[in-house]
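If you read the sequences in order, they're chains A and B. Counting from 1, one number per residue, gives the positions in the first sequence under our numbering. Counting from 1, one number per residue, gives the positions in the second sequence under our numbering.
Worth flagging that the hints you see were computed from the coordinates, not collected in a lab. Values in this document were obtained by computation on a predicted structure and should not be read as measured data. Any given hint could turn out to be false.
[Said to hold, decoys possible] Coverage of chain B stretches by chain A, computed from C-beta distances (three or more under 8 Å per stretch; other residues unrestricted):
| # | region |
| --- | --- |
| 1 | 12 to 25 |
| 2 | 75 to 88 |
| 3 | 98 to 111 |
| 4 | 220 to 232 |
| 5 | 399 to 411 |
[To be verified] No more than 30 Å apart at the CA atoms, straight line, and that leaves these computed lysine-lysine pairs for DSS-like:
| # | chain 1 | residue 1 | chain 2 | residue 2 |
| --- | --- | --- | --- | --- |
| 6 | A | Lys184 | B | Lys4 |
| 7 | A | Lys184 | B | Lys140 |
| 8 | A | Lys94 | B | Lys15 |
| 9 | B | Lys37 | A | Lys192 |
| 10 | B | Lys156 | B | Lys327 |
| 11 | B | Lys37 | A | Lys184 |
| 12 | A | Lys192 | B | Lys15 |
| 13 | B | Lys4 | B | Lys15 |
| 14 | B | Lys4 | A | Lys92 |
| 15 | A | Lys184 | B | Lys110 |
| 16 | A | Lys192 | B | Lys131 |
| 17 | B | Lys426 | A | Lys94 |
| 18 | B | Lys140 | B | Lys346 |
| 19 | B | Lys200 | A | Lys184 |
| 20 | B | Lys37 | B | Lys200 |
| 21 | A | Lys94 | B | Lys424 |
| 22 | A | Lys92 | B | Lys431 |
| 23 | B | Lys426 | B | Lys156 |
| 24 | B | Lys156 | B | Lys424 |
| 25 | A | Lys192 | B | Lys424 |
| 26 | B | Lys156 | A | Lys94 |
Quick reminder that beta carbons are idealized off the backbone N, C-alpha and C, glycines included.
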Amino acid sequence: MDSSQLIGITTFTYLFSTILYAALFIFKAGRLGPVATIFTLVAFLVQTAGIGLRWLESYQMGMGRAPLTNMYESVVFFAWTIIFIYLIIEWKFKTRIIGAFAVPFAFLAMAYASFATGISKEITPLIPALQSNWLIAHVVTCFIGYAAFAVAAGLGIMYLMKNTSETRQTTNDSSLLGSLPPLKTLDDITHKTMVFGFLWLSIGIITGAIWANSAWGTYWSWDPKETWSLITWFLYAITLHARYTRGWGGTRIAWLAIFGFVSVIFTYYGVNFLLAGLHSYGSN
Amino acid sequence: MKDKNPLWSFFASVKLALFTLFILATTSIIGTIIPQKETAQWYSEKYGEAAANLFQVLAITPDMYSSVWFLALLGLLCLNLIVCSIDRFPGVWRQITANNLETPVHRLEKMSPQYTWQSNESAEITASSLKSSLRGLGWKTEEQTSAEGILLFAQKGAMSRTGVYIVHTSILVIFAGAIIGALLGFKASVMLPETRSTDKVYPFEGQAPINLGFEVRCDRFDIEFYENGMPKTYRSRLTLLEDGKAVAGYEEKEVVVNGPLRYKGISFYQSSYEPYQEFLVTVTNKKSGLTETAIIPYQQQHNSETSGLRYGVINAETRGQSVSRAKIWFADDDGEPSLFWLDDGKQATVERSKSNYTVAVKQMYATGLQVARDPGVWTVYIGCGLMILGLMVAFFMSHRRIWLFISETSGQTSSILMTGHSNKNKAGFEKTFQALTQAIQPRS
Ligand code: HEM
Numbered sequence: 001m002d003s004s005q006l007i008g009i010t011t012f013t014y015l016f017s018t019i020l021y022a023a024l025f026i027f028k029a030g031r032l033g034p035v036a037t038i039f040t041l042v043a044f045l046v047q048t049a050g051i052g053l054r055w056l057e058s059y060q061m062g063m064g065r066a067p068l069t070n071m072y073e074s075v076v077f078f079a080w081t082i083i084f085i086y087l088i089i090e091w092k093f094k095t096r097i098i099g100a101f102a103v104p105f106a107f108l109a110m111a112y113a114s115f116a117t118g119i120s121k122e123i124t125p126l127i128p129a130l131q132s133n134w135l136i137a138h139v140v141t142c143f144i145g146y147a148a149f150a151v152a153a154g155l156g157i158m159y160l161m162k163n164t165s166e167t168r169q170t171t172n173d174s175s176l177l178g179s180l181p182p183l184k185t186l187d188d189i190t191h192k193t194m195v196f197g198f199l200w201l202s203i204g205i206i207t208g209a210i211w212a213n214s215a216w217g218t219y220w221s222w223d224p225k226e227t228w229s230l231i232t233w234f235l236y237a238i239t240l241h242a243r244y245t246r247g248w249g250g251t252r253i254a255w256l257a258i259f260g261f262v263s264v265i266f267t268y269y270g271v272n273f274l275l276a277g278l279h280s281y282g283s284n
Numbered sequence: 001m002k003d004k005n006p007l008w009s010f011f012a013s014v015k016l017a018l019f020t021l022f023i024l025a026t027t028s029i030i031g032t033i034i035p036q037k038e039t040a041q042w043y044s045e046k047y048g049e050a051a052a053n054l055f056q057v058l059a060i061t062p063d064m065y066s067s068v069w070f071l072a073l074l075g076l077l078c079l080n081l082i083v084c085s086i087d088r089f090p091g092v093w094r095q096i097t098a099n100n101l102e103t104p105v106h107r108l109e110k111m112s113p114q115y116t117w118q119s120n121e122s123a124e125i126t127a128s129s130l131k132s133s134l135r136g137l138g139w140k141t142e143e144q145t146s147a148e149g150i151l152l153f154a155q156k157g158a159m160s161r162t163g164v165y166i167v168h169t170s171i172l173v174i175f176a177g178a179i180i181g182a183l184l185g186f187k188a189s190v191m192l193p194e195t196r197s198t199d200k201v202y203p204f205e206g207q208a209p210i211n212l213g214f215e216v217r218c219d220r221f222d223i224e225f226y227e228n229g230m231p232k233t234y235r236s237r238l239t240l241l242e243d244g245k246a247v248a249g250y251e252e253k254e255v256v257v258n259g260p261l262r263y264k265g266i267s268f269y270q271s272s273y274e275p276y277q278e279f280l281v282t283v284t285n286k287k288s289g290l291t292e293t294a295i296i297p298y299q300q301q302h303n304s305e306t307s308g309l310r311y312g313v314i315n316a317e318t319r320g321q322s323v324s325r326a327k328i329w330f331a332d333d334d335g336e337p338s339l340f341w342l343d344d345g346k347q348a349t350v351e352r353s354k355s356n357y358t359v360a361v362k363q364m365y366a367t368g369l370q371v372a373r374d375p376g377v378w379t380v381y382i383g384c385g386l387m388i389l390g391l392m393v394a395f396f397m398s399h400r401r402i403w404l405f406i407s408e409t410s411g412q413t414s415s416i417l418m419t420g421h422s423n424k425n426k427a428g429f430e431k432t433f434q435a436l437t438q439a440i441q442p443r444s
């Protein structure tokens with residue numbers, strides 16, 4: 001059993017998790033709840049083992065490096081972090097429905113990593129510029145932020161769905177969306193998740209700047225990737241201020257959570273493929 | 001500042017902040033789509049004359065992010081931050097330092113969460129036992145006695161109210177660091193062939209070379225490859241020289257990517273290299289101990305004047321532009337010449353009738369160094385540290401306050417009103433508050 005098999009298995013288990021959470025949501029099959037959680041937890045552990053094993057394999061291949069340095073590895077880590085954050089939210093807020101909106105992101109990420117053409121799964125050694133502990137810190141912190149923003153976007157979608165249904169009909173308890181947490185709770189969790197993401201994105205940008213400075217002597221060069229991470233950061237800063245000082249909430253924040261995540265995706269993915277820059281290592 | 005003049009209010013407003021951040025976010029996109037720092041000719045070829053001119057007029061090219069209008073936007077953000085902080089901070093400071101014992105009881109009665117109970121002791125005894133159990137739980141109380149009763153007050157995290165201001169200040173600190181770097185620093189580069197030294201480097205902006213005030217010599221440059229052919233390490237060995245003499249502690253210092261060399265505030269970064277069609281051959285006569293080094297073009301014979309030896313590289317195997325093995329031709333005035341292959345960068349012993357020689361060969365390279373001085377970088381890092389600190393304080397800490405008002409109902413009994421407030425995370429505080437009420441009530 002090698003790491004790519006373990007990670008490959010995770011793709012399917014996250015698909016199954018998605019189905020379980022969707023069933024929970026659609027059929028209100030409450031008894032499935034613990035099954036979904038346990039299944040997801042096991043899938044998560046398998047993925048953790050897979051990532052760990054990949055690390056070990058890199059040592060066996062004589063290049064010893066953290067499994068976080070190309071597109072494939074970062075997408076896998078992204079999915080891992082989404083599940084991690086989701087499980088914490090499930091545990092803290094005692095609600096499973098959110099899984100139907102968060103776990104699919106992890107599945108999509110894994111499916112992309114596994115099946116997209118042009119993504120190499122090989123363990124390749126690090127070119128000199130990438131041999132830095134700051135790079136590892138940079139990737140880890142950025143992806144914790146990105147994953148939080150993914151979960152926030154899922155919550156935003158949930159909020160909007162529930163909100164539309166509540167304005168359309170008055171007796172919604174029997175409806176599908178009636179089982180979602182109250183709007184107020186959703187709004188609160190969305191905000192908290194974004195705040196959490198903002199902190200990590202800030203740390204991610206800073207560690208990236210320190211890395212750039214140790215490699216090239218410039219901590220900021222307005223390279224497209226850097227600039228997009230800053231644009232994303234501005235967007236979330238706007239969201240925080242609009243909420244905190246202008247009392248924005250509800251639908252607007254939900255839209256901003258979705259919009260912010262679109263910017264995240266562009267920073268993470270779009271820049272590598274559509275624009276050129278220092279970070280083009282991700283495109284192999 | 002209370003009679004707010006409209007200009008002040010404008011610059012203090014959060015609306016302006018939202019506006020500026022939004023404009024910064026959207027205009028920043030332009031420079032990620034239109035490549036920056038290309039030549040005028042490049043732009044007109046790519047976008048056509050008219051568009052290229054327009055870009056130039058709008059200062060989108062060649063360097064939008066240091067254009068006047070972009071810097072003005074950043075300046076506006078700073079001004080906004082400064083005015084907003086001056087406007088609000090005094091109020092926040094008043095909340096931090098407020099004497100909460102002055103809060104009137106009728107205000108406390110309206111606050112929530114709230115909890116009341118009775119005690120079978122006098123107000124004084126009740127107060128002192130409440131005080132000690134609160135202290136045991138980490139809440140240090142102040143108190144004030146009045147005709148109506150005894151007011152106890154305790155708080156945690158008052159300073160957390162400054163978190164937001166730490167974040168805002170950190171942004172100003174980072175900008176200050178960037179300005180220091182821009183005004184007093186430089187970014188330059190130099191392509192330095194092995195064995196050569198220079199005291200001049202060439203800035204990215206501006207034409208005149210910069211004089212370092214000392215010399216830097218490249219002793220050696222090496223590339224290592226992984227088995228699959230990917231580059232593993234680019235490594236220069238540099239020696240710094242003052243008045244022609246090597247500076248102690250700066251001899252043959254290793255510089256790799258992510259591992260710069262720093263001296264007198266100037267940092268040397270490994271950034272590129274250039275392979276030459278020449279070889280550095282070092283020959284040591286083992287008997288006499290004499291060493292000579294020569295730079296020899298490919299497939300040319302070198303006749304050493306000092307030793308009388310003749311040698312050259314007659315063949316080479318390459319990997320890309322880098323030589324991996326070289327075939328050496330070596331002769332002295334005695335016997336047949338020696339012919340042998342040698343890995344690049346390695347040495348071998350050649351046994352000749354009169355003496356043995358060590359011969360080392362390596363392809364000649366120039367190392368590409370990025371040379372930077374940035375006296376603002378530590379200011380930037382301090383700003384970054386402050387930002388993280390401030391964000392943690394602003395997001396995860398709150399100012400929690402509790403009041404207990406104990407009034408004597410008769411000589412031997414008293415009633416207690418407990419209330420509290422938190423500026424953030426009210427739900428979490430309510431739980432803490434409930435737990436606290438349970439913990440400090442005497443069990444009956
Ligand atoms: C990129 C720049 C900025 C960042 C990263 C930033 C960050 C923050 C953060 C993290 C908070 C706390 C929000 C919360 O607790 O949920 C905050 C609050 C606030 N910010 Fe900013 N900010 C920025 C720019 C500005 C500007 C330009 C203004 C100017 C008006 C401003 C005004 C405020 C105000 C008034 C608050 C609420 C403060 C309070 O609690 O009394 N911010 N900011």
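Results of checking the hints against the structure:
1. With 8 residues having a beta carbon nearer than 8 Å to a beta carbon of chain A, the region 12 to 25 of chain B meets the requirement of three or more and the stated coverage holds.
2. Coverage of the region 75 to 88 of chain B by chain A is violated [criterion: at least 3 residues with CB-CB distance below 8 Å; count 0].
3. Coverage of the region 98 to 111 of chain B by chain A is violated [criterion: at least 3 residues with CB-CB distance below 8 Å; count 0].
4. Counting residues of the region 220 to 232 of chain B whose beta carbon lies closer than 8 Å to any beta carbon of chain A gives 5, which reaches the threshold of three, so the coverage claim holds.
5. Counting residues of the region 399 to 411 of chain B whose beta-carbon sits less than 8 Å from any beta-carbon of chain A gives 0, not enough to reach three: the coverage restraint is violated.
6. With a C-alpha separation of about 36 Å, the suggested pair A:Lys184 and B:Lys4 falls outside the 30 Å cut-off, and the hint is violated.
7. With a CA separation close to 35 Å, the supplied pair A:Lys184 and B:Lys140 exceeds the 30 Å bound.
8. At roughly 37 Å between alpha-carbon atoms, A:Lys94 and B:Lys15 are farther apart than 30 Å, so this suggested pair is violated.
9. Proposed proximity of B:Lys37 and A:Lys192 is contradicted: the alpha carbons are some 40 Å apart, above 30 Å.
10. For the proposed pair B:Lys156 and B:Lys327, the alpha carbon gap of about 77 Å is over 30 Å, so the pair is violated.
11. As the CA atoms of B:Lys37 and A:Lys184 are separated by approximately 48 Å, the hinted pair breaks the 30 Å bound.
12. Distance restraint check for A:Lys192 and B:Lys15: the Cα-Cα separation of roughly 23 Å lies within the 30 Å cut-off, and the hinted pair is therefore satisfied.
13. Restraint check for B:Lys4 and B:Lys15: satisfied, since their Cα atoms lie roughly 16 Å apart, inside the 30 Å limit.
14. Under the criterion of a C-alpha separation no larger than 30 Å, the hint pairing B:Lys4 with A:Lys92 is inconsistent with the structure, at around 45 Å.
15. Distance check on the hinted pair: A:Lys184 and B:Lys110 sit about 24 Å apart at the alpha-carbon level, within 30 Å; holds.
16. About 35 Å separates the Cα atoms of A:Lys192 and B:Lys131, which puts this hinted pair outside 30 Å; it is violated.
17. For the proposed pair B:Lys426 and A:Lys94, the alpha carbon gap of about 19 Å is at most 30 Å, so the pair holds.
18. A C-alpha spacing of about 72 Å is found between B:Lys140 and B:Lys346, which places the hinted pair above 30 Å, so the restraint is violated.
19. Under the criterion of a C-alpha separation no larger than 30 Å, the hint pairing B:Lys200 with A:Lys184 is inconsistent with the structure, at around 64 Å.
20. A threshold of 30 Å between alpha carbons decides the hint, and for B:Lys37 with B:Lys200 the separation of about 23 Å falls inside it, so the pair holds.
21. The straight-line distance between the Cα atoms of A:Lys94 and B:Lys424 is roughly 21 Å, inside the 30 Å bound, and the hint therefore holds.
22. Distance check on the hinted pair: A:Lys92 and B:Lys431 sit about 14 Å apart at the alpha-carbon level, within 30 Å; holds.
23. Pair hint B:Lys426 plus B:Lys156 holds up; C-alpha atoms about 14 Å apart against a cutoff of 30 Å.
24. A distance of roughly 12 Å separates the Cα atoms of B:Lys156 and B:Lys424; the hinted pair therefore holds under the 30 Å criterion.
25. For the suggested pair A:Lys192 and B:Lys424, the alpha carbons sit about 12 Å apart, so the restraint of at most 30 Å is met.
26. Simply put, B:Lys156 and A:Lys94 have alpha-carbon atoms about 28 Å apart, close enough for the 30 Å limit, and the pair holds.
The structure fails hints 2, 3, 5, 6, 7, 8, 9, 10, 11, 14, 16, 18 and 19 (numbered hints given earlier, in ascending order).
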